[in-house]
Every structure is written in structure tokens, then in C-alpha cells.
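> The primary structure of each chain is shown beneath.
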Amino acid sequence: MTTSTVTAPPSDAAPRKDAVPDPARARLRRRLIRWGFVAPAVLFMLLFFGYPLVRNVVMSFQHYTPKTFFTGEAPFNGADNWSSVLQDALFGKALWHTLVFTAGSLLGQFCIGLALAVFFNRRFPLNGVLRSLILLPWLVPMVVSGIVWRRILDQDTGVLNTFLDTLGLGGHTPWLTSPGMALLSVILVNIWIGIPFNMVILYGGLQEIPKELYEAASLDGASAWRAFRSVTLPMLKPVITVVLVLGFMSTVKILDLILALTDGGPADATQTLGTLTYQNSFVELDFGAGAVVGNVLILISAVFAVFYLRANRTEGK
Amino acid sequence: MAAHAPTAPRRRWGSTVAGLLVLAVMLFPLYWMLNTALQPDSGLLQVDPVPPGLDLSGFTKALTDQGGNLLTSLLVSAGAVVICLAIAAPAAYGLARFGLRGSRTIVFGTLITQMVPGIVVANALYTSYVDLGLVNSYAGLMLADASLGIPFSIVLMRSFMVSIPGEVIEAAEIDGAGPVRVFLRVVLPMSRNALITSGLFAFLFAWSDFMFALTLNTTDDVKPVTLGIYQYIGAHVGDWGSVMAAAVLSAVPAAILLVLAQKYIAAGITGGSVK
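Chains as they are written, first to last, in full-length UniProt numbering: chain V, 1 to 317; chain S, 1 to 275.
Simulated from the structure, these hints should not be mistaken for laboratory data.
None of these values were measured; they are calculated from a predicted model.
Note that beta-carbon positions come from the ideal geometry of N, C-alpha and C, so glycine has one too.
Check before you lean on any hint, since a few could be wrong.
To be verified - Output of the computed footprint for chain S on chain V, the stretches with three or more beta carbons under 8 Å from beta carbons of chain S:
1. 249-259
2. 276-284
Stated by the list, open to error - In silico negatives: residues of chain V with every beta carbon more than 10 Å from chain S:
3. Arg25
4. Arg30
5. Asp80
6. Asp88
7. Pro125
8. Leu133
9. Met142
10. Gly168
11. Gly221
12. Ala224
13. Ala305
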């Protein structure tokens, strides 16, 4: 491969000096072309992911005001942003809500998603059609789902309370309007959104498990539950890790859904790190304070990523 | 097996019924969205379980109010898809085949970008967009929305292109084709499915985007339908019929794609995440 250019010049091209291929130059040219394939993507990702990471760290030490965008002045103010954000009770609340929201959502999505994956792993008529239709909630824009649920969960005229009322189960629950209920309601809606994604990936994992393993288990007289525990779960472990990691990454930074359902309210009961970043930066126009919360969010993701990579490595050995 | 044969069909249809029930619960909110949209007069009152008639006035109003925003969404999403594929496809090929030094680092970096929260990106991007004059611009939003699909597409297409047999590419090279020609004439046609899946997801990501639309726009110049609906509930609290009609319209692309491109969607969810 590398010698082809060296042996290439036929005799009639030889007299023209510039046509004599310089191997070093040809190699350089080839390398440049090859890098040309990859460079735009690298540049794009540096601009849209790398640069914001660095910029947020810098911004968290700068004093932004609404005037900044006219004057262009954002003087450095030491650790002022950090101390004022971290001392604010709202930050602690938002951090706690984020953790509860993430844990609750993942638990619900995963358990129901796994149950449905196991269910659809059996053969029955219309299986494929039903399985693909269940994806629909996941494909609808999240902010739109949030708005639909806002109507369903309305305390006085929402269909959920009407339904519960008909069953004689109360039916006056202030799902989104009481500080005690709102976070739970938001979690339940997010579970609904995440079930299809969990189901599809876990279903894919189940399909990869060789059927012989189950036959062997049933020959050994293992019950269905036993087979699930000693065949399905261990074989599914890599896929489970992927589902949970991806779920964590997308849940911890939640913003759309909460803005659509509650706008972070009532009384900040559903304020998370994502909504707090948004509020600091784009409502209060204090981009320095927003950057602080954003950095904490990145830090949480990074710690999680490190644990994940470590778990992956030890498993690979 | 034979002993079980008589009971098996009945048990199978039992599963179908159970599956239908699950589906009904999962799709109920979407049914309710459509149902509310067809009862524009109910306003803030309770909504009947089924629409009493076919009242499309909610849709007419939603189209009048949100039609332009739907077009904006379409335009921005299409632009994002073009940018995404133009950047991701060559990169996926380069990372799959060229054995460049640093390839592994780049692939790793691509995976890591998925953990950068969008709001953090928006936070920094906004200040730069102000300096560059990209706030309230189509180009600015297309680029930001493309960032939602690029890492996913690189990962998906790369894992596909790795599996293209080396002999096919070498044969083209022996015929005298340079890397660019090999890519355009051989690799891209062979990667058709991966390209479609990537483009489809890039479209869905951009279409669903709310956060960049919310943060990178300060005027009504570039307003996708997700942002339009969000502001709609603020302004039309009593008019749930129109809001839901707009919601239905915004969900239509997802529904169409699910019907037309089912296999690509399933492939994308598993391929893009597991690899």
C-alpha cells in the first residue's frame, strides 16, 4: 500500500520534475486527507461540548448582570458566585430534589421496563405491533408530554382525579399544586416517559440470551423465577449497566419536563439543578450563578462516569 | 411440546390481551391529548371521555397560531440533520478505518459528550452567540440542535462502518479511487441503513428540542413549535383545546416516523446506545 506511489511514475512522466512523487510529501498529503475526514467533527465537538465546559468554569468566577450583554463587562469576582449559590438554601433543595428525582425515575423506569421486556420476550400474536406502538410516548417531544400531563393531573378538572373520584378513591389530590405531591408527580410522569426506552434496550438484550440456557435450566427443574434470577439477570448485566448509565445521564440534567409541568414550583418543590441553572442564567440573567450550578451538575455526572468506567474495566478483566 | 399444543393458542391470545392493556395504559395520555383537542369548547371544564362530535376548530386555531412555528421546526430540524450527517458520516468512516493516532481518544470523547448537560452547553453558548450575532438566528439554532445528534450518529455509523469488509474498499482503491471517492461511491451507499437511522434520530432530537429554542432565542424570530406550545399555555390558560391541538400537531412527525421507519427506530435505540 505505502509503496504504490513510489513505484508509480511511468517513464514518460519522469522528465517533468514536479511530477516525481516525493514519498514524504505524498504521505503527508494522505495523512491530511485522512484527518480531513475527522477534523470537522472534532472541531465541532470541541466547540459545542469542550468549550462550554471550560467556559462554565471561567464564568462561575465572573460577575454577570443584565447589563453585561450591553456593556460586555463581566468582571472577575473571586469565589463570590460559589459562596452565594452554595449558601443559598435553594441550592441544597435543588440538589436533593435532583437526587430523589433521578433515583426514583430510574428505579421506576427500569423495573417496569424490565417487566415489559420480559413480557414481550414471549411469543404471542401482535407482539411486534404492540411493542413498536409502545415507543410512541418516547418519541413525542418531552415538553409536549409534560403539557399533556399537566392537563391530566389538574386538580379540579383533570381526568386522573375525575377517574379516581368515580372509583370513590378521593379524587381531589393536588398532584402538581401541592409542594408535598409535586415532586412525586413529576417522577411518575418521567417514569412513563422512560419506560419505552428501557423496554426496547432490555428487550434487545433478552433476545441475545441463548434459548438453550433456559432449556437447560428447566431440565434442571428450575422455576421461572429461579431461571430469571440465575440465567436472565446475569446474562443481561452488561445491557442493564448501559440502560442505567444512559438513564442517569439523561435524567440528572432534566429541564424540559419540569418546566412544562410545574416551572420548578410550587414553592420550589420541583426545583432541580437543571432548572436552577436555567433560572439563574436565563431568568435572573446571573450567568455566573448559573455556571456554578451547572458545574455542580457536571461534577455529579463526572463522578458517576468514573464509577461506571471503573466498573466496566474491572468487569473486562 | 405436543402435549401443550391444545392450551398454547389460548394462552398466547391471553398475552395479547394483556399486551393490549399495557399499551392502552401507556398510550392513554396521548389519546387524552387528541380527545381534549377535539373538544375545544370544554376550556377549563372537565373533558368528556370521547369527543361528542368532530369539532376541528381547535385544530384550525392551533394551525393559525402555530403553523409558522411548525414550519420553523421543520426547517431547523432539516438543517440540523444536514449539518449532523455532513459532519458525522466522514468522521465515522475516518474513525472506523484510517487507524489514525488518537482515534480511540476521539471515540471516547464522543461517548463522554453525552454526559455534558444541555443546559450547561446553553449557558456558555448563549454568551458566545451574543458575541457572534447568532442569537435569534436559524443558523445558530440549527448548529446547536445538530450537537444533539452528532455524537450519537458518529457512534452508530462508526460501529456500522467497521463491519464493511476491507476487501471491498481495497478493491476500489486498486481501481484508483482516492479516499474521498471510496467514501462517496462505496462506503456511503453501503451504509445506507446507518445513514437513515442517524438522520432519523438527528431529526427527532432536533424536532423535540426545547432547551436550545428556549435559551438561544430572545425574540419571536426563530420559534420552533416546542417553544411555541410552552408559551401558548402561559398565554392561553383557558384554551386547552387549542393547546392540545397544537400538541397533537407537534407529535405528528414522531407518529409518522414510527409507522414508516419502525425498523430504523428500533435499530437506532439499541445500536446507538449499546455500542
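> All hints are to be evaluated individually against the structure, with a verdict given for each.
So, going through the hints one by one against the coordinates:
1. Counting residues of the segment 249-259 of chain V whose C-beta sits closer than 8 Å to any C-beta of chain S gives 6, which meets the bar of three, so the coverage hint holds.
2. Interface restraint, the segment 276-284 of chain V with chain S: holds (4 residues with C-beta to C-beta distance below 8 Å; minimum three).
3. Every CB of chain S is more than 10 Å from the CB of arginine 25 of chain V (nearest about 15 Å), matching its label as outside the interface.
4. The claim that arginine 30 of chain V lies off the interface is violated: its Cβ sits roughly 8 Å from the closest Cβ of chain S, which falls inside the 10 Å cut-off.
5. Distance check on aspartate 80 of chain V: its Cβ is at least 18 Å (rounded) from any Cβ of chain S, clearing the 10 Å threshold; non-interface status holds.
6. With a cut of 10 Å on Cβ distances, aspartate 88 of chain V stays outside the contact zone with chain S, its closest approach being about 18 Å.
7. Chain S draws proline 125 of chain V into its interface by the beta-carbon criterion, the shortest separation being 5 Å against a cut-off of 10 Å.
8. Leucine 133 of chain V, annotated as away from the interface, has a beta carbon of chain S within 10 Å; the closest lies near 6 Å.
9. Its closest Cβ contact with chain S, about 6 Å, brings methionine 142 of chain V to no more than 10 Å, contrary to its assignment away from the interface.
10. Residue-level check passed: glycine 168 of chain V sits 17 Å from the nearest beta carbon of chain S, beyond 10 Å.
11. Listed as a non-interface residue, glycine 221 of chain V keeps its Cβ farther than 10 Å from every Cβ of chain S; the least gap is roughly 17 Å.
12. No Cβ of chain S approaches the Cβ of alanine 224 of chain V within 10 Å, the least distance being about 14 Å, so the stated non-interface status holds.
13. Residue placement check: alanine 305 of chain V does not keep its beta carbon more than 10 Å from all beta carbons of chain S (closest about 5 Å).
Comparing the model with each earlier hint shows violations of hints 4, 7, 8, 9, 13; every other hint is respected.
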